[in-house]
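**Student:** Chain by chain, the residues run as shown.
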Amino acid sequence: MDELLRVEGLVKHYRVRRGWGGRGARVHAVDGVSFAIAPNETYALVGESGCGKSTTGFAVLRLIEPTAGRVWFRGRNVLALDPEGLRRMRREMQIVFQDPFGSLNPRLTVERTLEEPLLNHERLSAAERRERVAEMLEVVGLHPEHRRRFPHEFSGGQRQRIGIARALMLRPRLVVGDEPVSALDVSVRAQILNLIVKLQRRFGISLLFISHDLAVVRYVSHRVGVMYLGRIVETAPVRELYENPLHPYTRALLSAVPVPDPRRRRTRILLPGDVPSPIDPPPGCRFHPRCPEALAVCREEDPRPRRPADGRIVCCHLYGGSPPGETVSPAPEPGASPPTPEERRT
Amino acid sequence: MLEGAESLRLWGETLRALGRSPGAVIGGGLLLAILATSLLFPWFTAADPLAQDLLARLTPPCWQEGGSLAHPLGTDNLGRDVLVRILHGSRVSLFVGFAAVLVACGSGILLGLLSGYYGGRLDSLIMRVADVFMAYPFMLLTISVIAVLGNSILNLILVLGLSDWVTYARTVRGSVLSIKEKEFVTAARSVGTPNRVILRRHIFPNVLSPVLVLGTVRVANIIIWESGLSFLGMGVPPPMPTWGRMLAEGRVYITDAWWLVTLPGLAIMLTILAINLLGDGLRDALDPRLRNIPR
Numbered sequence: 001m002d003e004l005l006r007v008e009g010l011v012k013h014y015r016v017r018r019g020w021g022g023r024g025a026r027v028h029a030v031d032g033v034s035f036a037i038a039p040n041e042t043y044a045l046v047g048e049s050g051c052g053k054s055t056t057g058f059a060v061l062r063l064i065e066p067t068a069g070r071v072w073f074r075g076r077n078v079l080a081l082d083p084e085g086l087r088r089m090r091r092e093m094q095i096v097f098q099d100p101f102g103s104l105n106p107r108l109t110v111e112r113t114l115e116e117p118l119l120n121h122e123r124l125s126a127a128e129r130r131e132r133v134a135e136m137l138e139v140v141g142l143h144p145e146h147r148r149r150f151p152h153e154f155s156g157g158q159r160q161r162i163g164i165a166r167a168l169m170l171r172p173r174l175v176v177g178d179e180p181v182s183a184l185d186v187s188v189r190a191q192i193l194n195l196i197v198k199l200q201r202r203f204g205i206s207l208l209f210i211s212h213d214l215a216v217v218r219y220v221s222h223r224v225g226v227m228y229l230g231r232i233v234e235t236a237p238v239r240e241l242y243e244n245p246l247h248p249y250t251r252a253l254l255s256a257v258p259v260p261d262p263r264r265r266r267t268r269i270l271l272p273g274d275v276p277s278p279i280d281p282p283p284g285c286r287f288h289p290r291c292p293e294a295l296a297v298c299r300e301e302d303p304r305p306r307r308p309a310d311g312r313i314v315c316c317h318l319y320g321g322s323p324p325g326e327t328v329s330p331a332p333e334p335g336a337s338p339p340t341p342e343e344r345r346t
Numbered sequence: 001m002l003e004g005a006e007s008l009r010l011w012g013e014t015l016r017a018l019g020r021s022p023g024a025v026i027g028g029g030l031l032l033a034i035l036a037t038s039l040l041f042p043w044f045t046a047a048d049p050l051a052q053d054l055l056a057r058l059t060p061p062c063w064q065e066g067g068s069l070a071h072p073l074g075t076d077n078l079g080r081d082v083l084v085r086i087l088h089g090s091r092v093s094l095f096v097g098f099a100a101v102l103v104a105c106g107s108g109i110l111l112g113l114l115s116g117y118y119g120g121r122l123d124s125l126i127m128r129v130a131d132v133f134m135a136y137p138f139m140l141l142t143i144s145v146i147a148v149l150g151n152s153i154l155n156l157i158l159v160l161g162l163s164d165w166v167t168y169a170r171t172v173r174g175s176v177l178s179i180k181e182k183e184f185v186t187a188a189r190s191v192g193t194p195n196r197v198i199l200r201r202h203i204f205p206n207v208l209s210p211v212l213v214l215g216t217v218r219v220a221n222i223i224i225w226e227s228g229l230s231f232l233g234m235g236v237p238p239p240m241p242t243w244g245r246m247l248a249e250g251r252v253y254i255t256d257a258w259w260l261v262t263l264p265g266l267a268i269m270l271t272i273l274a275i276n277l278l279g280d281g282l283r284d285a286l287d288p289r290l291r292n293i294p295r
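Sequence lines, in order, name chains A and B. Residue numbering for the first sequence follows the numbering used here, starting at 1 and increasing by one per position. Residue numbering for the second sequence follows the numbering used here, starting at 1 and increasing by one per position.
If you're looking for bench data, these hints aren't it; they were derived computationally from the structure. Every residue, glycine too, gets a C-beta built ideally from N, C-alpha and C. Among the clues, some could well be false.
[Said to hold, decoys possible] Derived list of chain A stretches under chain B, where covered just means 3 residues or more per stretch with a C-beta under 8 Å from a C-beta of chain B: (1) 79 to 91; (2) 98 to 111; (3) 164 to 170.
[Claimed, not checked] If you only want the chain A side, here are some residues facing chain B, beta carbon under 7 Å, derived: (4) E116; (5) N120; (6) L124; (7) A127.
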């Protein structure tokens, strides 16, 4: 199948020292994550804070150096690139950050921030650069006159538009959205989400969308990977995941989403205890100490990924099915446009 | 760094904020007056600070009995005019103060940026050298260097500057450590900006404010150190008058001629007060969080 990005067995461990002269320990932030993203596709990583979803996103771009694994982008291994090759590769992979306040240099005008990618990668005259900046400001819904302003003169939503504009300046093929709307007011969240979806379609971008907000994920993504303690426990097309979650963790997660219908009866699945420390992740299935359906085997054996249905992968002993040979992702059919926001809602 | 009209606007905002602080206005005004006096006094008096008038030795200031308007602030033990000497001394003291701070600032900022941004072995090396400098008594260092190299103004500036770089380096390093974790630095890396450009464009302008404040305060310190060294005979080579040497020479006559130590001491105090007031105001004005609080 057609793949833009393929991540295989990505690992990021952090060394920490416990106390004076204490034994070094390892935080297993990301522990063997694999997924693939097709052109024009939005793949979402969801999970609680600390499950490693942002680390995964940063490691894919090598903004954090992964401990192990492979990242293939358009057939090239990103992790094997030398600094110059990496610099060139970054033209095509960009990121939108979570914090619209911290992600813009307070001492640079919008224009200076937006022309930076052009200065690094393209030889343009000052006038050409100015034109590109003005063009992009309009694309993200800001006034070209705004280019002379400083970040503190904008609202959070406007700043996030600037962050999006910066990511799109070089016309990348892949954008990592690291919780791009979590820091925004609910009132502007929908606007920014619509903008992201619109621009994704307009420029033909693949999106790795990282979020803890299940409602947001349902709205923007085609496929979803659910992360727990540094691993992806379930991958499925968005509709199937929300209608028929397989992994017990996914079910618990979805049962916590509020449903705006007072008549509908919901069964809440309350998980006992807290997420275990990523320094000593539990043996066997990482979810077994909290799993309401844990079997004896879960304590000892790490569940292999299984494919209970087409396009679905789940790491759980409850399910049979063949282990996946290839990481499967249903590519949008050739010629078919990605679903509109209204369609995605269903 | 910033360019053009936008950067002027940012500085304009800072200046306006500075104008709202009464301390900064008083300090800044006083400092301007002192600098202007020290630059412009030759237009008004051509008197020689070394000219001796042995018949008018130890004349008191004009408002005291026995004083005369020929020597408004009195004369010293060799009959040299105290006012003229203070004016000439201001040039040396202020020049040495600002020049030494520039040397210290320049080397400290550079080493602090490298140390904080690149980290690792370079950081350890620079910071251990800084520890040595901090552990070594500054006076001892200065005196030994001056004793070996001889005392000239240039040596003095270099020695004073180089013994003070540690403060800047550590301040800058600390700021860099926090700034480099900001998302806009990560963003710059992700759009492919090389390290040296990140340092110059994103990190340096954002660590500048604390250094600017520190610099103003350290000018005052350097002036005191220069006075101390001149007092010990290790400062600016004689017979050039400096405020510190005037203090040292006047000390012997303190019981008979109070003005010989009090007046240069007052000059030092006023200058330092002005600089500190300005520095305090600058600290508040450069912090955008404090900037918009109505006073």
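**Student:** Hint by hint, note whether the structure agrees.
**Tutor:** Hints and how they fare:
1. 79 to 91: As far as the stretch 79 to 91 of chain A goes, the hint holds, because 4 residues have Cβ atoms under 8 Å from chain B.
2. 98 to 111: Coverage by chain B holds for the stretch 98 to 111 of chain A (10 residues, Cβ < 8 Å).
3. 164 to 170: holds (count 3)
4. E116: Since chain B brings a Cβ to about 6 Å from E116 (chain A), closer than 7 Å, the hint holds.
5. N120: 4 Å, holds
6. L124: This interface hint is violated because 15 Å lies over the 7 Å limit.
7. A127: 15 Å, violated
In terms of the numbered hints stated before, the structure departs from hints 6 and 7, listed from lowest to highest.
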